[in-house]
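Q: Here is what each chain is made of, one letter per residue.
There are 2 protein chains.
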Amino acid sequence: MSEQRPVIAILGGTGDLGTGLARRWVQAGYELIIGSRTEAKAQAAAADLLQLMADRGVEGVSIRAMDNTSAAECAQIVAITVPFSHHASTLESVRPMLQGKILIDVTVPLVPPKVARVQMPEQGSAGQIAQGILGEEVHVVSAFQNVAAHHLQEGQELSCDVLVCGNKKDARAQVIELVEAAGMRGFHAGPINNAAAVEAMTSVLIFINKQYKSHAGIAITGLNE
Amino acid sequence: MSEQRPVIAILGGTGDLGTGLARRWVQAGYELIIGSRTEAKAQAAAADLLQLMADRGVEGVSIRAMDNTSAAECAQIVAITVPFSHHASTLESVRPMLQGKILIDVTVPLVPPKVARVQMPEQGSAGQIAQGILGEEVHVVSAFQNVAAHHLQEGQELSCDVLVCGNKKDARAQVIELVEAAGMRGFHAGPINNAAAVEAMTSVLIFINKQYKSHAGIAITGLNE
Numbered sequence: 725m726s727e728q729r730p731v732i733a734i735l736g737g738t739g740d741l742g743t744g745l746a747r748r749w750v751q752a753g754y755e756l757i758i759g760s761r762t763e764a765k766a767q768a769a770a771a772d773l774l775q776l777m778a779d780r781g782v783e784g785v786s787i788r789a790m791d792n793t794s795a796a797e798c799a800q801i802v803a804i805t806v807p808f809s810h811h812a813s814t815l816e817s818v819r820p821m822l823q824g825k826i827l828i829d830v831t832v833p834l835v836p837p838k839v840a841r842v843q844m845p846e847q848g849s850a851g852q853i854a855q856g857i858l859g860e861e862v863h864v865v866s867a868f869q870n871v872a873a874h875h876l877q878e879g880q881e882l883s884c885d886v887l888v889c890g891n892k893k894d895a896r897a898q899v900i901e902l903v904e905a906a907g908m909r910g911f912h913a914g915p916i917n918n919a920a921a922v923e924a925m926t927s928v929l930i931f932i933n934k935q936y937k938s939h940a941g942i943a944i945t946g947l948n949e
Numbered sequence: 725m726s727e728q729r730p731v732i733a734i735l736g737g738t739g740d741l742g743t744g745l746a747r748r749w750v751q752a753g754y755e756l757i758i759g760s761r762t763e764a765k766a767q768a769a770a771a772d773l774l775q776l777m778a779d780r781g782v783e784g785v786s787i788r789a790m791d792n793t794s795a796a797e798c799a800q801i802v803a804i805t806v807p808f809s810h811h812a813s814t815l816e817s818v819r820p821m822l823q824g825k826i827l828i829d830v831t832v833p834l835v836p837p838k839v840a841r842v843q844m845p846e847q848g849s850a851g852q853i854a855q856g857i858l859g860e861e862v863h864v865v866s867a868f869q870n871v872a873a874h875h876l877q878e879g880q881e882l883s884c885d886v887l888v889c890g891n892k893k894d895a896r897a898q899v900i901e902l903v904e905a906a907g908m909r910g911f912h913a914g915p916i917n918n919a920a921a922v923e924a925m926t927s928v929l930i931f932i933n934k935q936y937k938s939h940a941g942i943a944i945t946g947l948n949e
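Chains as they are written, first to last, in my numbering: chain A, 725 to 949; chain B, 725 to 949.
Treat the hints with care, as some may be off.
Stated by the list, open to error - Straight line, CA to CA, 35 Å or less: simulated DSBU-like cross-link-like pairs of lysine-lysine:
{"id": "1", "chain 1": "B", "residue 1": "Lys825", "chain 2": "A", "residue 2": "Lys838"}
{"id": "2", "chain 1": "A", "residue 1": "Lys825", "chain 2": "B", "residue 2": "Lys934"}
{"id": "3", "chain 1": "B", "residue 1": "Lys934", "chain 2": "A", "residue 2": "Lys893"}
{"id": "4", "chain 1": "B", "residue 1": "Lys937", "chain 2": "A", "residue 2": "Lys892"}
{"id": "5", "chain 1": "A", "residue 1": "Lys838", "chain 2": "B", "residue 2": "Lys838"}
{"id": "6", "chain 1": "A", "residue 1": "Lys934", "chain 2": "B", "residue 2": "Lys825"}
{"id": "7", "chain 1": "A", "residue 1": "Lys892", "chain 2": "B", "residue 2": "Lys825"}
{"id": "8", "chain 1": "B", "residue 1": "Lys765", "chain 2": "A", "residue 2": "Lys838"}
{"id": "9", "chain 1": "B", "residue 1": "Lys892", "chain 2": "A", "residue 2": "Lys934"}
{"id": "10", "chain 1": "B", "residue 1": "Lys937", "chain 2": "A", "residue 2": "Lys825"}
{"id": "11", "chain 1": "B", "residue 1": "Lys825", "chain 2": "B", "residue 2": "Lys937"}
{"id": "12", "chain 1": "B", "residue 1": "Lys893", "chain 2": "A", "residue 2": "Lys934"}
{"id": "13", "chain 1": "B", "residue 1": "Lys893", "chain 2": "A", "residue 2": "Lys892"}
{"id": "14", "chain 1": "B", "residue 1": "Lys838", "chain 2": "A", "residue 2": "Lys893"}
Unchecked claim - Pairwise CB distance ranges (calculated):
{"id": "15", "chain 1": "A", "residue 1": "Thr793", "chain 2": "B", "residue 2": "Pro845", "range": "54 to 60 Å"}
{"id": "16", "chain 1": "A", "residue 1": "Gly856", "chain 2": "B", "residue 2": "Glu861", "range": "39 to 45 Å"}
{"id": "17", "chain 1": "B", "residue 1": "Glu881", "chain 2": "A", "residue 2": "Ala897", "range": "53 to 59 Å"}
{"id": "18", "chain 1": "B", "residue 1": "Pro837", "chain 2": "A", "residue 2": "Gln800", "range": "33 to 39 Å"}
{"id": "19", "chain 1": "A", "residue 1": "Glu861", "chain 2": "B", "residue 2": "Leu947", "range": "40 to 46 Å"}
{"id": "20", "chain 1": "A", "residue 1": "Asp779", "chain 2": "B", "residue 2": "Glu861", "range": "57 to 63 Å"}
{"id": "21", "chain 1": "B", "residue 1": "Arg909", "chain 2": "A", "residue 2": "Gln800", "range": "40 to 46 Å"}
{"id": "22", "chain 1": "A", "residue 1": "Glu881", "chain 2": "B", "residue 2": "Gln935", "range": "22 to 28 Å"}
{"id": "23", "chain 1": "B", "residue 1": "Leu947", "chain 2": "A", "residue 2": "Asp779", "range": "40 to 46 Å"}
{"id": "24", "chain 1": "B", "residue 1": "Tyr936", "chain 2": "A", "residue 2": "Gln800", "range": "26 to 32 Å"}
{"id": "25", "chain 1": "A", "residue 1": "Gln800", "chain 2": "B", "residue 2": "Glu860", "range": "48 to 54 Å"}
Read the hints as simulated data drawn from the structure, not as lab findings. Since we're looking at a predicted model, the values are computed, not measured. In this text, a Cβ means the ideal position worked out from N, Cα and C, and glycines have one as well.
Please model the entire structure based on the sequences and the hints provided.
A: Listed below in structure tokens is the structure:
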């Protein structure tokens with residue numbers, strides 16, 4: 725079964741969101757590569773992940789550790805979960821390795837210290853920046869920006885929907901499959917320009933979390949009427 | 725009871741969203757003024773609303789019709805639900821009447837014909853444009869952008885949350901009261917800059933509606949943990 729599935733790399737796979745997604749996909753049976761700026765950091769995260777999977781009784785997992793460039797080269801689908809300040813430079817460094825592939829952009833363009841205030845980049849969104857850097861031969865699909873890392877890291881059910889934006893419907897559909905493998909509902913949410921809405925919503929959710937002491941997410945209502 | 729409640733005006737109160745909000749607030753017992761560019765259009769909408777309330781068996785309603793300027797003058801809280809192309813000009817025409825009041829901005833900066841694509845204005849959002857035009861003595865609070873007009877117009881329960889953005893917490897709280905009066909949950913969602921997230925989300929919901937044949941809205945999840 726796993727032969728037919730894409731190998732996934734997570735660039736910046738050692739952070740909260742990266743490790744959260746890694747846990748979900750490994751547990752769902754995907755071959756995973758953790759990428760980091762240094763291979764040593766990736767190896768430490770991979771060791772932790774292996775241990776956690778053993779603790780959870782998950783068997784037959786495939787986890788590798790590489791630097792970001794090698795990770796991007798060896799995977800069929802590549803996710804990036806780095807801070808916005810490293811987003812452009814990381815993408816530039818792996819541009820040749822991503823040609824013809826899907827890049828899942830999880831980046832939120834937060835501008836510290838006011839992370840609860842929407843401050844979008846001139847280009848519209850991180851997703852549009854990624855598409856601009858990588859060119860049209862890379863299928864940039866933005867997703868997962870509104871999921872609390874805290875919730876991803878847990879093994880339990882998640883009550884947060886994932887809005888999936890990208891210019892190619894086929895690429896969005898492949899990412900929606902990965903959303904579902906991670907235990908959530910995914911929705912076609914439009915072209916990559918629409919990533920602006922989803923990325924901006926993250927600051928709103930951060931504000932709500934401060935205000936209401938929560939780990940808030942969003943759900944789509946009003947379907948099936 | 726109604727003496728203590730603010731009188732509400734809806735500028736552009738003859739459109740789908742305006743009439744939807746009007747129905748909700750009148751039914752909740754608020755005194756309402758329907759504003760329009762011409763008083764005659766407002767009167768027609770007010771007559772329809774009176775008839776509908778009678779059909780629904782709602783008694784003791786207070787509905788007046790005025791041109792936008794008089795409506796803004798006579799109300800304590802003013803909502804604006806005009807198309808984005810009339811947003812700035814309408815606000816400029818009522819600026820003196822709004823000083824010291826709350827302006828509920830329901831405007832979504834859609835750019836036809838591609839309304840399912842996020843295309844935000846240079847200033848960030850319609851809410852920020854309104855705050856800029858009206859000045860700091862007007863409490864601009866953005867809300868209701870993600871609610872399907874179709875659902876507001878019905879009398880039934882609504883499964884859509886309302887994200888409420890504005891620079892003053894007190895003003896947001898008063899609008900949240902009006903959200904609840906209209907039958908929905910309202911959330912403090914941050915400063916007026918955060919309206920960008922909510923306004924942009926409307927294009928995402930339009931895309932989802934086309935894709936999934938729905939009248940979609942959003943809900944906040946992950947509260948009370």
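Q: Give a verdict on every hint.
A: Verification of the hints:
1. B:Lys825 <-> A:Lys838: 28 Å, holds
2. A:Lys825 <-> B:Lys934: 27 Å, holds
3. B:Lys934 <-> A:Lys893: Holds. Lys934 (chain B) to Lys893 (chain A) sits at ~14 Å (cutoff 35 Å).
4. B:Lys937 <-> A:Lys892: Distance ~20 Å between Lys937 (chain B) and Lys892 (chain A) Cα, so the pair holds.
5. A:Lys838 <-> B:Lys838: Roughly 32 Å between the alpha carbons, so the hint for Lys838 (chain A) and Lys838 (chain B) holds.
6. A:Lys934 <-> B:Lys825: The hint holds at about 27 Å.
7. A:Lys892 <-> B:Lys825: 46 Å, violated
8. B:Lys765 <-> A:Lys838: Outside the cut-off at roughly 44 Å; violated.
9. B:Lys892 <-> A:Lys934: 16 Å, holds
10. B:Lys937 <-> A:Lys825: Holds: Lys937 (chain B) and Lys825 (chain A) sit about 30 Å apart, inside 35 Å.
11. B:Lys825 <-> B:Lys937: 39 Å, violated
12. B:Lys893 <-> A:Lys934: 14 Å, holds
13. B:Lys893 <-> A:Lys892: The hint is violated at about 41 Å.
14. B:Lys838 <-> A:Lys893: 17 Å, holds
15. A:Thr793 <-> B:Pro845: 54 to 60 Å: 39 Å, violated
16. A:Gly856 <-> B:Glu861: 39 to 45 Å: Once the Cβ atoms are compared, 41 Å apart, the range 39 to 45 Å for Glu861 (chain B) and Gly856 (chain A) holds.
17. B:Glu881 <-> A:Ala897: 53 to 59 Å: 33 Å, violated
18. B:Pro837 <-> A:Gln800: 33 to 39 Å: Holds - the Cβ-Cβ distance for Pro837 (chain B) and Gln800 (chain A), about 36 Å, lies within 33 to 39 Å.
19. A:Glu861 <-> B:Leu947: 40 to 46 Å: 42 Å, holds
20. A:Asp779 <-> B:Glu861: 57 to 63 Å: 59 Å, holds
21. B:Arg909 <-> A:Gln800: 40 to 46 Å: 42 Å, holds
22. A:Glu881 <-> B:Gln935: 22 to 28 Å: 25 Å, holds
23. B:Leu947 <-> A:Asp779: 40 to 46 Å: 29 Å, violated
24. B:Tyr936 <-> A:Gln800: 26 to 32 Å: With a Cβ separation near 28 Å, Tyr936 (chain B) and Gln800 (chain A) satisfy 26 to 32 Å, so the hint holds.
25. A:Gln800 <-> B:Glu860: 48 to 54 Å: 53 Å, holds
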